[in-house]
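I would like the entire structure built from these sequences, with the hints used as guidance.
Number of protein chains: 2
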Amino acid sequence: MLTLNFANMMEKVIGPNGMNEKTIEGLSLKAAEIHREIIGRRRPELEFMDLPGGDTTDIRKLGGEVRQESENFLLLGIGGSALGPRAILEALSPYHNLRKTPRVFIYDNVDPLTLRHILSVVDLTKTTVNVISKSGSTAETAASFMILWDEMKKAVGADAAKMFIATTDPASGNLRKIASDFGMRTLPIGKGIGGRYSVLSPVGLLLAEVIGVDSRELLKGAADMRLRCAADELLKNPAYMLGSLLYLMNADGKRNVNVLIPYADGLKFLSEWFCQLWSESLGKEGKGMTPYPSVGTTDQHSQLQLWMEGPEDKVVTFIRIDEYGADYTIPGVFEEVEGTNYLSGRRLSELIKAEEESSELALAKRGHPNMTIQIPSIDAYHLGGLFQFFEIATAFTGLLLGINPFNQPGVEEGKNFTYGMMGKKGFEAKREEVEKAREDKACWQI
Amino acid sequence: MLTLNFANMMEKVIGPNGMNEKTIEGLSLKAAEIHREIIGRRRPELEFMDLPGGDTTDIRKLGGEVRQESENFLLLGIGGSALGPRAILEALSPYHNLRKTPRVFIYDNVDPLTLRHILSVVDLTKTTVNVISKSGSTAETAASFMILWDEMKKAVGADAAKMFIATTDPASGNLRKIASDFGMRTLPIGKGIGGRYSVLSPVGLLLAEVIGVDSRELLKGAADMRLRCAADELLKNPAYMLGSLLYLMNADGKRNVNVLIPYADGLKFLSEWFCQLWSESLGKEGKGMTPYPSVGTTDQHSQLQLWMEGPEDKVVTFIRIDEYGADYTIPGVFEEVEGTNYLSGRRLSELIKAEEESSELALAKRGHPNMTIQIPSIDAYHLGGLFQFFEIATAFTGLLLGINPFNQPGVEEGKNFTYGMMGKKGFEAKREEVEKAREDKACWQI
Chain B
140 MLTLNFANMM
150 EKVIGPNGMN
160 EKTIEGLSLK
170 AAEIHREIIG
180 RRRPELEFMD
190 LPGGDTTDIR
200 KLGGEVRQES
210 ENFLLLGIGG
220 SALGPRAILE
230 ALSPYHNLRK
240 TPRVFIYDNV
250 DPLTLRHILS
260 VVDLTKTTVN
270 VISKSGSTAE
280 TAASFMILWD
290 EMKKAVGADA
300 AKMFIATTDP
310 ASGNLRKIAS
320 DFGMRTLPIG
330 KGIGGRYSVL
340 SPVGLLLAEV
350 IGVDSRELLK
360 GAADMRLRCA
370 ADELLKNPAY
380 MLGSLLYLMN
390 ADGKRNVNVL
400 IPYADGLKFL
410 SEWFCQLWSE
420 SLGKEGKGMT
430 PYPSVGTTDQ
440 HSQLQLWMEG
450 PEDKVVTFIR
460 IDEYGADYTI
470 PGVFEEVEGT
480 NYLSGRRLSE
490 LIKAEEESSE
500 LALAKRGHPN
510 MTIQIPSIDA
520 YHLGGLFQFF
530 EIATAFTGLL
540 LGINPFNQPG
550 VEEGKNFTYG
560 MMGKKGFEAK
570 REEVEKARED
580 KACWQI
Chain F
140 MLTLNFANMM
150 EKVIGPNGMN
160 EKTIEGLSLK
170 AAEIHREIIG
180 RRRPELEFMD
190 LPGGDTTDIR
200 KLGGEVRQES
210 ENFLLLGIGG
220 SALGPRAILE
230 ALSPYHNLRK
240 TPRVFIYDNV
250 DPLTLRHILS
260 VVDLTKTTVN
270 VISKSGSTAE
280 TAASFMILWD
290 EMKKAVGADA
300 AKMFIATTDP
310 ASGNLRKIAS
320 DFGMRTLPIG
330 KGIGGRYSVL
340 SPVGLLLAEV
350 IGVDSRELLK
360 GAADMRLRCA
370 ADELLKNPAY
380 MLGSLLYLMN
390 ADGKRNVNVL
400 IPYADGLKFL
410 SEWFCQLWSE
420 SLGKEGKGMT
430 PYPSVGTTDQ
440 HSQLQLWMEG
450 PEDKVVTFIR
460 IDEYGADYTI
470 PGVFEEVEGT
480 NYLSGRRLSE
490 LIKAEEESSE
500 LALAKRGHPN
510 MTIQIPSIDA
520 YHLGGLFQFF
530 EIATAFTGLL
540 LGINPFNQPG
550 VEEGKNFTYG
560 MMGKKGFEAK
570 REEVEKARED
580 KACWQI
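Those protein sequence lines, which keep their order, are chains B and F.
Going by the numbering used here, the first sequence opens with residue 140, and the numbers climb by one from there.
Going by the numbering used here, the second sequence opens with residue 140, and the numbers climb by one from there.
Keep in mind that a hint or two might mislead.
Because identical chains cannot be distinguished in the list, a pair is counted as satisfied if it fits within a single copy or across any two copies.
[What the hints assert, rightly or not] With a cut-off of at most 27 Å between alpha-carbon atoms, the simulated DSS-like pairs for lysine-lysine come out as follows:
1) K316 to K301
2) K563 to K504
3) K359 to K375
4) K265 to K200
5) K169 to K375
Rather than coming from a laboratory, the hints here were simulated on the basis of the structure.
Structure (C-alpha cells):
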C-alpha cells in the first residue's frame, strides 16, 4: 500500500552526507519507548490514532442531505479546519467546481475581496455553510461566521439556522452554544483531536461525503496504514523511519528544510496540509525543520536548481505514484522537427515517472539526501493512508525531539495584539504596544 | 506606490539578531557598482529591465481576438512560463472561471489526470491554446503541445493551427519553426529574457489581456517602479535594500529561509512566482536562501508557530495592503455569546490588517527579523510594480552574491536522465545509470 525507500539517505549510496545503519539503530530503544507511548495512548491528544475506527453514519447522512439540498457547500475554517478538507477536495475531485455539484468553497482567511467574490457566485438560498472551529473562538472563523449568519438571515429569514452545519467541540465553546441555541445541525470533534490532526474526523469527512467520496474508504486506508505502522521495530516501521531519518539529518542543525514533493497536481494541497502539521507540531523550543510544499514536475522548473546547487540544508521527500488513473500517448506529430520527436509514442505517465526518478538520482549523485514514498494510486483509500502516515510520523518525531507535538504556544502573542487592536476588553495595553511600535518604526521606511 | 519598512531588521528595534546602519552602509560602494552594471545593461539578460517600455499593440490585438472567439484559453507552459501568468490571473481575477469567459486553464505539468480533467471540461473547438516555451524544447511543454495538437486536429481538422498561439523565441527553436511551418499566430519573447524574468513580456501580458486586464497598466506600474528603484544610493532604493538586508542576514549562513507573506489570497501565487525567481536565480555555488511561499492570515494557523519558536533561521517579509477593494462590517450577532462579541461592528479589513501588524510585532518582540512591503491596492498597476520590484531585487542580490542570477545549470543533470529514460538518442548511458541506481536502491525499502 505504501513503501518508503531511503537508499538515498545512506552513506553507502550518496557518500558522506548520508548516514549509516549504526546511527539509525542507535535510535531503536528510544523509538520503542515512543512506540509504547503511542500505542498506550499515554497522551489524550493521541486520540487521532483512533479516528480510523470511527463510525461515519451521521456524517454520511449529513453529506447526503447536502448533496440533495444544496448547490453550494461553503466551508468556514482556518488552519487544520481548512487544509485537510482542501487536500481531500483537490486530490479526489480536481476541477470540482467546473464538473460537479454541490460546488465547494473554502474560505480560510479574512480577506474581504475573497468573500465578496464567493458571495457573488453563490446563491445563499441554495448553500450549506459548514462552520468548523473546535473552540469556537478562532477570530477569523468567528468573523466570517457572523457575516454569513447575517447574510443568510437576509437571504432565507427565519430558516437561516437550517442552512448551517457546525463542526465543533462535542460539549463546550461558543460555536457549540450558538449551534445549540439556534438549532443548527452539528458534528463533533473529539476532545483530544487538535486541528492539525483532525482531517479524519468530521472536519474532513463531511466534505468528502459532500463531494461524493466514501468516508469509510478514507478511514479504511487510515486503519490499514495504522497497522502498517504498528511495528515497534524502527527499521520495519515506515512512519517511524521517516521521522527518524529527518530527525537524524537535522540533528546537528545543518539540514533545517524538508521538502515534500508529490509528483501529482492533486497532491499539492496534501503538501500544504503536511506543512501545517509538521510546522505547528515541531516548531518549538528552538527545534523543528521547515517543511517545504512542492509539486513535481512543476517545481523542477522552480526549486530544483536551488536543491541541486544551493546550500546543503535540505532533505527532499518524493511521493511517487504508480497509476495516475488516466494516460495519453504522446503522438508522433512534428516528426520533422529535431528535438522533440524522442517523445513520440511515449506515454505521458512515462514522462512524469521518468522525471521523478531522474530528480531523485540527480540529487543523489550530488550527495543530496532524499527519500521516496511510493503509493499505488490517488484514491480515498490511499489518501486516508497518507494522512495517517504523516500524522504518526509527525507525532513520533515530536516525541523524539522531546517536545509536545500537540500544542502551539507561539501563536498566542500575535493573537493578543490582535485582540488589543480589535478592542477586546482586557487587551488595552496590547493595543498601546502596537501603536507605540508603529511610531517607532516610522523612521525606517523608504 | 510601494514602501519598504525595515525597522524590524534593525538591532535598535529587535536587539542582537538585528543589524546596524554601519553594516548596511558597508555595502554602499558595492551596491553602487552593481547599480552601474544594471543601468548600463552590461549583461544581455538585463533586458527584462526594458520590458516596461514595450509596445503591447500586438498583444492587445491577439487578446481581443481570444476574448471574442474563445470560451476557453488553455496555457501550456512550465516554470516562469506558467507562474507569472498564474500570478496575474489569481491576483487580478480571482475565481475567474466561475465568473468570466474565456475561462483560463494553465497546464504546467505532465500529470495525465490533470490533462484528462481539463479536456473533459473544455470544448476544443472553442478553445485557444497558448503554448509558451522560449527554447521550444522544454520536454513537459513539448509533450502537452504534441497531445493538444493531435486532439485539436481531431476536433477542428485542418484549421487546427488557427487555434494556437505560440509564445517563443523571435527567431530560433523548435516552437518557432513549428509555428512558422503551420502558420500559427505567434508572440516573441525577447532574446535576453529568461523564463523567470518574463512575466512582463508576452508570456504574462497575453493572459492579462485575455482576462480583460490592460497590459499597459501592468507595464506602467513596472515602469514607475523602475524609476522608484533607480536610486544609486542604497538607502534610498527599496529593491536594493530588500536584497541587501536579506543578503546580510544570510551572510553567515545562519538565516537560510526567507518567507514572503502577502496578506491577501490573491497574492498567494505572487509568492510562488517569487519563489521560482529567487530560487533559480540565486541557488548556486552553495549560495542562496530558500524562499518560502506563504499567505496571511491563513498561515498564521500553519507556519507562525514555527517562525516564533522554531530555529533562528528565517527572515519574514510581509506584504501589507491598504485597500482590499471590498469590505464587510462584522455584524452584532450572537451578542449574548461571550468571546466573539468584541468583533461586532468592526470591519473585516480591520481584522486582516490588525493580524498582519500583530504578527510583525510578535515576531519582532522575540527578536525575529522581519520587514514589510506596503502597497496601496491589488490592481494591474501595483502588480506590475511588484513584479518589477522583485525582479530588480533578485538580480541585484545575485550580483551581490557574485553569482550569475540568469542561468540554471543545476537542472541539466536531471534532464539528461529523463532523456535517457525517454529514449532520446545519445543518452543511452544515462538510461543505464538510472536502471543501475534502481537496482542498488531496492534493498533500502520498507
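How the hints compare with the structure:
In this assembly of identical chains, K316 and K301 lie within 27 Å of each other by CA distance solely inside one copy; the values are 16 Å within and 61 Å between copies. Taking the closest pair of Cα atoms, K563 and K504 come within 27 Å of each other only across two copies (21 Å); inside a single copy the shortest separation is 57 Å, beyond that limit. Taking the shortest Cα distances, K359 and K375 sit within 27 Å of each other inside one copy (21 Å), while across copies they are farther apart (60 Å). In this assembly of identical chains, K265 and K200 lie within 27 Å of each other by CA distance solely inside one copy; the values are 18 Å within and 41 Å between copies.
In this assembly of identical chains, K169 and K375 lie within 27 Å of each other by CA distance solely inside one copy; the values are 15 Å within and 55 Å between copies.
When each numbered hint is compared with the structure, no violation occurs for any of them.
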